[in-house]
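Chemist: Here is what each chain is made of, one letter per residue.
Number of protein chains: 4
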Amino acid sequence: MADKKELRIGLIGYGFMGRTHTNAYKRLGDFFPELKHKPVLKVVCARNKERLQAFADQWGYESIETDWRAVVARDDVDAIDICTPNNMHAEIAIAAAEAGKMILCEKPLARTVAEAQPMVDAVEKAGVPNTVYYNYRRVPAVTLAKQLIDDGKLGKIFHYRANFLQDWTISPELPQGGEGLWRLDNDAAGSGVTGDLLAHCIDTAMWLNGGIKDVSAMTETFIKERVHTGTGEVQKVGIDDACIFHCHFDNGSLGLFESTRYARGHKALYTFEINGEHASIKWNLHDLSRLEYFDHRDESIERGWRSIHVTDGDQPYMDKWWVPGLSIGYEHSFVHQVADFFKSIEDGTPCSPTFKEAQETQKVCEAVLNSAKSKSWQETGVDW
Amino acid sequence: MADKKELRIGLIGYGFMGRTHTNAYKRLGDFFPELKHKPVLKVVCARNKERLQAFADQWGYESIETDWRAVVARDDVDAIDICTPNNMHAEIAIAAAEAGKMILCEKPLARTVAEAQPMVDAVEKAGVPNTVYYNYRRVPAVTLAKQLIDDGKLGKIFHYRANFLQDWTISPELPQGGEGLWRLDNDAAGSGVTGDLLAHCIDTAMWLNGGIKDVSAMTETFIKERVHTGTGEVQKVGIDDACIFHCHFDNGSLGLFESTRYARGHKALYTFEINGEHASIKWNLHDLSRLEYFDHRDESIERGWRSIHVTDGDQPYMDKWWVPGLSIGYEHSFVHQVADFFKSIEDGTPCSPTFKEAQETQKVCEAVLNSAKSKSWQETGVDW
Amino acid sequence: MADKKELRIGLIGYGFMGRTHTNAYKRLGDFFPELKHKPVLKVVCARNKERLQAFADQWGYESIETDWRAVVARDDVDAIDICTPNNMHAEIAIAAAEAGKMILCEKPLARTVAEAQPMVDAVEKAGVPNTVYYNYRRVPAVTLAKQLIDDGKLGKIFHYRANFLQDWTISPELPQGGEGLWRLDNDAAGSGVTGDLLAHCIDTAMWLNGGIKDVSAMTETFIKERVHTGTGEVQKVGIDDACIFHCHFDNGSLGLFESTRYARGHKALYTFEINGEHASIKWNLHDLSRLEYFDHRDESIERGWRSIHVTDGDQPYMDKWWVPGLSIGYEHSFVHQVADFFKSIEDGTPCSPTFKEAQETQKVCEAVLNSAKSKSWQETGVDW
Amino acid sequence: MADKKELRIGLIGYGFMGRTHTNAYKRLGDFFPELKHKPVLKVVCARNKERLQAFADQWGYESIETDWRAVVARDDVDAIDICTPNNMHAEIAIAAAEAGKMILCEKPLARTVAEAQPMVDAVEKAGVPNTVYYNYRRVPAVTLAKQLIDDGKLGKIFHYRANFLQDWTISPELPQGGEGLWRLDNDAAGSGVTGDLLAHCIDTAMWLNGGIKDVSAMTETFIKERVHTGTGEVQKVGIDDACIFHCHFDNGSLGLFESTRYARGHKALYTFEINGEHASIKWNLHDLSRLEYFDHRDESIERGWRSIHVTDGDQPYMDKWWVPGLSIGYEHSFVHQVADFFKSIEDGTPCSPTFKEAQETQKVCEAVLNSAKSKSWQETGVDW
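Residue numbers (the UniProt record's numbering), protein chains in the order written: chain A, 1 to 384; chain B, 1 to 384; chain C, 1 to 384; chain D, 1 to 384.
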């Protein structure tokens with residue numbers, strides 16, 4: 001490991017995502033020994049100095065900063081990892097690109113297409129490696145789905161459906177805004193479930209099934225007012241609590257998407273299903289090691305949905321971990337993304353999804369919100 | 001059984017539904033001995049005399065007719081059971097009502113709202129008992145869902161979603177029209193999956209969750225042309241192969257519906273899920289004896305989706321059958337509907353869904369098709 | 001149907017099994033029109049005349065008898081169907097055979113091997129068609145399992161495991177003996193779960209996997225004393241509440257069997273699993289339409305347990321019923337058995353399991369009980 | 001983290017278990033920041049120097065040794081972690097205890113009870129902290145099962161059943177012995193599935209349900225001869241390929257255990273189920289985040305097996321990881337065990353299972369093997 005090249009990380013934001021990203025960096029060397037770089041936890045940044053220091057101590061960051069501009073300015077940092085609320089992504093990313101830093105940005109890329117555009121421009125102009133953490137692509141079962149589709153197993157696709165169901169905001173007592181709750185504040189988040197949850201579904205969908213052409217959507221805000229932790233006042237809730245849309249994909253298949261935080265009984269149930277001419281695929285995040293696969297070419301009396309336990313060495317990423325039958329978890333998807341990012345640097349290839357690709361997802365999100373508002377179909381303008 | 005009053009059935013149409021209805025009549029006495037009437041299989045009607053006689057012999061009908069008007073005209077028939085293609089429902093039902101017959105009509109009531117209106121008028125004017133076979137309401141697990149909702153277990157409802165997925169029309173070689181295939185002929189069926197499959201989903205949904213207010217839909221016909229068995233010619237396919245819509249219920253909850261015959265791996269997968277403030281419910285037709293139930297009021301560390309095997313004597317209809325753990329099947333839903341119809345006659349109450357209620361389902365179907373065509377939201381005008 | 005030959009049934013006993021058998025006879029003509037015989041419900045027999053008449057009226061038996069000997073003596077009866085408690089099987093069956101009647105006997109054949117021997121001798125001497133209702137063989141998914149095994153899909157078999165779990169006798173308040181409870185009375189039943197539940201598991205196992213050679217067992221009676229409904233006294237419980245055994249099959253595979261009525265949460269959960277060199281199979285009674293199948297010859301990255309929904313026309317018996325995706329239930333296994341019995345009469349072949357085969361199952365049951373008592377391995381003497 | 005006390009680890013063996021243990025040490029500080037000690041990867045030991053150095057580099061061990069005695073002798077090592085084949089456990093553990101080292105030993109403790117005795121004596125005499133890696137206790141769902149049982153939710157227990165099914169040794173081409181295959185070599189392993197897999201089942205079982213009193217077992221070796229990688233010769237296979245036993249627990253419940261490496265379709269399927277008077281519990285390793293729970297006290301029409309997704313902060317260990325709905329994996333059970341060991345050091349309490357407790361498991365294993373050999377029931381002598 002001694003002869004590996006250092007890749008020095010500056011992490012901005014230390015919430016839930018700050019933890020998943022940091023964990024990913026720390027496991028890289030143990031499980032991806034072939035990589036030529038090793039991550040170094042150079043600096044972590046947030047505003048609350050005391051808690052920040054505790055985080056740095058716990059996770060092993062060498063130093064702290066309370067102003068993200070200082071991180072971007074540091075010469076001993078190679079890559080900026082952005083884990084802030086969404087409303088800060090653009091400013092940080094643009095500054096980081098201008099400073100010539102690589103960028104790993106938590107999703108969604110930005111709050112709007114317009115906000116995302118200069119981010120894309122900046123990384124492209126600077127020519128810096130960049131990626132957005134749509135981590136679910138790298139759950140092995142999901143990557144296997146991609147492989148089966150690319151191998152032509154499904155044939156022509158007719159249907160794609162996905163939903164992301166949660167139930168954590170049902171209580172009207174829950175406030176909006178503030179630590180851990182900025183996702184409920186429209187200014188900070190840009191939208192509700194659309195940017196937070198559907199963005200994941202859309203990214204996976206376009207990766208697996210190509211561009212989304214047009215959409216027809218509806219949104220709902222079930223709880224109209226909540227106390228805002230910032231002001232202490234009861235304020236109008238600006239986010240969408242639920243969002244449903246159907247769409248056409250460029251390949252002629254029909255899409256159906258739904259997300260809500262009001263589906264009692266589902267903690268974080270991201271599911272998708274694809275129906276093709278010859279075969280179909282299903283997956284869900286609660287049972288993430290399993291891929292359900294139906295192959296119509298199986299002999300007719302023996303046909304059934306196969307529950308594939310994706311834990312074998314010949315299945316995506318699984319040669320890195322344990323032995324057949326032994327599951328990995330949610331966090332490993334981040335390890336895989338970071339590993340792929342590191343590999344892409346060595347290969348000089350982009351690490352998908354890049355900012356450019358993540359902006360396409362942004363376009364769909366925006367078309368969805370516009371459609372819901374205007375009660376009309378909207379073209380997405382996606383170029384996938 | 002000797003002192004039971006006869007209720008003489010005239011069945012029109014002897015296809016798949018003719019079999020399920022006949023089976024229902026024949027099992028009534030064995031499993032619902034408390035009923036005061038007994039069905040008598042007086043006459044069955046269809047055009048192919050030879051095959052009709054074979055059917056009558058197999059199932060025990062006393063006589064046959066090749067003209068439905070003759071059945072309606074017979075004095076020894078009390079109730080007309082309509083199992084013809086959809087395009088004949090109206091004419092037969094109106095004539096039967098005018099002849100003072102009770103009517104049990106296979107769903108959907110008609111091809112359009114306009115076609116349904118005089119049917120409703122006719123049965124109401126004649127004051128004859130009438131019902132439409134939306135049989136899935138009477139699957140015990142579905143009836144149990146209704147009971148839990150009516151008991152207030154779910155609290156305020158946020159979401160209702162249903163789909164009905166099949167995969168039997170994927171081959172372009174399949175013709176349209178003719179015996180067993182009239183469901184693919186728009187003239188005979190009135191629509192594709194909307195009237196055939198979504199009508200079931202809509203009926204259950206409004207029964208469980210109240211009226212549907214407005215809808216936004218899309219439809220698709222994947223195979224544009226098929227040989228028509230009537231003409232032998234390749235003709236344009238008029239039906240919808242797939243239909244997706246979202247909607248508002250009168251109670252403020254959001255609905256999401258999908259149906260297709262292009263979902264590889266699903267033979268007849270009707271599923272629904274309801275998310276309430278306190279609890280959620282799921283069901284699917286492939287595992288019809290199970291109701292999935294999540295109750296948030298369970299102690300937090302022990303909470304989970306309960307898989308209720310609906311086979312106990314205190315669960316709906318199950319005291320009529322075997323012992324706990326032993327499943328009944330699809331066909332029993334028809335037995336239950338016929339039993340309830342017979343009871344309603346004894347009680348002098350309507351047997352839901354009546355023609356009037358089924359017309360409300362028709363309104364949703366029509367709004368859905370109109371929405372898809374016009375690419376705009378449509379009010380349903382439903383009065384539930 | 002007019003030209004079918006009558007096969008006149010005399011049913012002895014009208015409890016739970018009396019109902020399932022009668023239902024089977026009544027549905028035969030509707031679903032198996034190709035049969036050359038039609039069952040006629042000639043007479044039903046039990047001791048309580050009033051309730052017997054009600055049963056006869058409900059189900060359509062032409063006459064009643066209160067002494068089974070009268071049934072056996074009647075010239076207008078062709079076949080005796082025995083649904084009494086186990087302790088009466090032998091006497092009735094022997095008399096029926098001597099009277100030249102066909103016999104359909106509910107399982108288990110008898111309480112002991114010794115009791116079964118003259119029954120076997122009697123039917124063989126009389127040359128009368130005979131069968132024992134081990135109905136689970138004729139659940140379509142189970143029959144499909146047999147087909148896959150016979151086709152060699154599994155290869156060499158290593159393991160067979162089965163259990164039959166119930167939970168209806170956990171309360172110490174439950175009495176033993178009397179109507180509906182004779183299964184808890186050792187005199188009437190001959191044993192507890194061994195004869196009632198494991199007998200099913202053993203029959204299926206030997207049918208699928210060949211003879212059982214030797215066994216090592218344990219039994220337990222958790223509730224030692226219960227009120228006897230006959231005497232009104234608290235009496236020692238003679239039956240086994242639970243029984244576990246392992247064994248060798250003749251083919252070298254290992255067997256593992258368990259049954260209990262103290263497994264909370266399981267109403268009637270009969271499950272089995274077979275592990276072969278190339279493939280494995282699982283089934284359970286609560287989800288009886290599904291067969292789980294794992295084929296190691298599937299491409300490695302796509303391998304998984306297939307959940308086969310056994311409702312297609314090319315799967316066993318399913319061409320007789322509805323359309324793909326629509327389940328049948330528990331009761332249909334009896335219809336299939338009666339249909340197969342009728343066919344066997346037409347073909348002049350035995351209808352498996354015959355008395356002779358059912359006696360082999362009896363031998364395993366007896367070896368199991370002996371093993372538990374003697375705490376030692378026992379040879380079964382089975383000749384399969 | 002600066003003020004944490006170092007606990008310097010010497011790892012002996014670097015195979016599969018060497019990796020899981022090392023990973024556990026490395027994640028401790030990130031996820032269990034409250035611990036007062038921090039593990040230091042001081043030295044790793046194995047015979048192949050080159051590969052050992054690569055392992056040390058990859059995982060971050062400070063130094064290497066090729067003789068385990070050197071590790072035990074080092075002053076800069078506080079704890080010995082034993083990951084060697086089973087036949088070396090005793091010698092190393094005794095020496096380590098004598099050197100005053102803490103010991104964390106991979107299971108099973110030893111090959112025989114006799115071999116284990118001096119190990120237990122040594123750690124007790126030395127008074128050193130000791131534990132054995134029966135890691136499955138610390139899968140959160142399994143720990144939750146323990147909690148529910150300890151809370152009395154199940155009431156009196158009637159049944160305990162467990163199996164551990166694999167399918168990786170079905171090919172006769174697979175050799176025995178050597179790297180990765182010492183588990184197939186009876187000299188190195190001491191037994192086959194009994195010590196490797198059933199030992200896990202037995203440990204969990206006694207932890208959850210108390211001591212096992214007596215056993216009746218059978219074993220089988222399906223492939224009688226395999227090439228030995230050490231000698232290159234075809235040699236008799238000494239291990240048990242499959243083992244089945246039933247037993248009595250001290251609390252009067254019945255136990256049923258099975259393990260095999262010939263169950264096609266199961267990679268590492270450890271399952272257990274417990275049936276109590278009021279409630280039952282099921283778990284399996286392939287879906288390790290789920291605990292199935294049936295509570296008979298639920299209202300009767302709503303009763304069903306609950307599928308508890310054990311990913312909430314109030315469920316065992318889960319406050320350390322992510323957010324509700326996001327699964328952890330197999331490896332985390334080791335992190336939990338190491339965390340508990342560290343806590344036990346701080347508290348001065350034993351970390352269960354200790355060598356003493358693990359020896360009780362050994363007694364059951366030995367009684368099982370003796371029972372199979374002698375074809376008779378065997379008392380275990382367990383004192384739990």
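Treat the hints as calculated values from the structure; they're not laboratory data. Keep in mind that the hints are not guaranteed to be accurate.
Same chains, same label: a pair holds when it works inside one copy or across any pair of copies.
With a straight-line Cα cutoff of 27 Å, these simulated DSSO-like cross-link-like pairs (lysine-lysine) come out [to be verified]: (1) Lys-356 <-> Lys-373; (2) Lys-38 <-> Lys-282; (3) Lys-38 <-> Lys-213; (4) Lys-49 <-> Lys-320; (5) Lys-224 <-> Lys-42; (6) Lys-213 <-> Lys-282; (7) Lys-213 <-> Lys-375; (8) Lys-356 <-> Lys-267; (9) Lys-38 <-> Lys-267; (10) Lys-5 <-> Lys-156; (11) Lys-267 <-> Lys-5; (12) Lys-49 <-> Lys-125; (13) Lys-236 <-> Lys-153; (14) Lys-267 <-> Lys-213; (15) Lys-356 <-> Lys-236; (16) Lys-26 <-> Lys-125; (17) Lys-153 <-> Lys-49; (18) Lys-213 <-> Lys-26; (19) Lys-5 <-> Lys-49; (20) Lys-5 <-> Lys-153; (21) Lys-125 <-> Lys-153; (22) Lys-125 <-> Lys-236; (23) Lys-26 <-> Lys-343; (24) Lys-26 <-> Lys-153.
Chemist: At most 27 Å between CA atoms: does that hold for Lys-153 and Lys-49 within a copy, between copies, both, or neither?
Modeler: Intra 53 Å, inter 46 Å, cutoff 27 Å: neither.
Chemist: 27 Å Cα cut-off: does Lys-49 pair with Lys-320 within a copy, between copies, both or neither?
Modeler: between (37 Å within a copy, 22 Å between copies)
Chemist: At most 27 Å between alpha carbons: which applies to Lys-213 and Lys-282, within, between, both or neither?
Modeler: The answer is within: 23 Å in one copy meets 27 Å, while 32 Å across copies does not.
Chemist: Indicate which option fits the pair Lys-267, Lys-5 if close means a Cα-Cα distance not exceeding 27 Å: within, between, both or neither.
Modeler: neither (40 Å within a copy, 38 Å between copies)
Chemist: Is the C-alpha distance from Lys-38 to Lys-282 at most 27 Å within one copy, between copies, in both cases, or in neither?
Modeler: Result: close neither inside a copy nor across copies, 36 Å intra and 42 Å inter.
Chemist: 27 Å Cα cut-off: does Lys-125 pair with Lys-236 within a copy, between copies, both or neither?
Modeler: neither (40 Å within a copy, 52 Å between copies)
Chemist: Reference check for the pair Lys-26 and Lys-343, CA-CA at most 27 Å: within, between, both, or neither?
Modeler: both (16 Å within a copy, 23 Å between copies)
Chemist: Cα distance capped at 27 Å. Does Lys-213 pair with Lys-375 within a copy, between copies, both, or neither?
Modeler: Classified as both; 17 Å inside a copy, 15 Å across copies.
Chemist: Cα distance capped at 27 Å. Does Lys-356 pair with Lys-373 within a copy, between copies, both, or neither?
Modeler: within (26 Å within a copy, 35 Å between copies)
Chemist: Which holds for Lys-5 with Lys-156 at a C-alpha limit of 27 Å: within a copy, between copies, both or neither?
Modeler: neither (45 Å within a copy, 54 Å between copies)
Chemist: One pair to classify: Lys-224 and Lys-42, alpha carbons no more than 27 Å apart. Within, between, both, or neither?
Modeler: Neither: 43 Å inside a copy, 58 Å across copies.
Chemist: Within, between, both or neither: how does the pair Lys-26, Lys-125 come out at a Cα-Cα threshold of 27 Å?
Modeler: neither (30 Å within a copy, 39 Å between copies)
Violated hints for the displayed structure, listed by number in ascending order: 2, 3, 5, 8, 9, 10, 11, 12, 13, 14, 15, 16, 17, 18, 20, 21, 22, 24.
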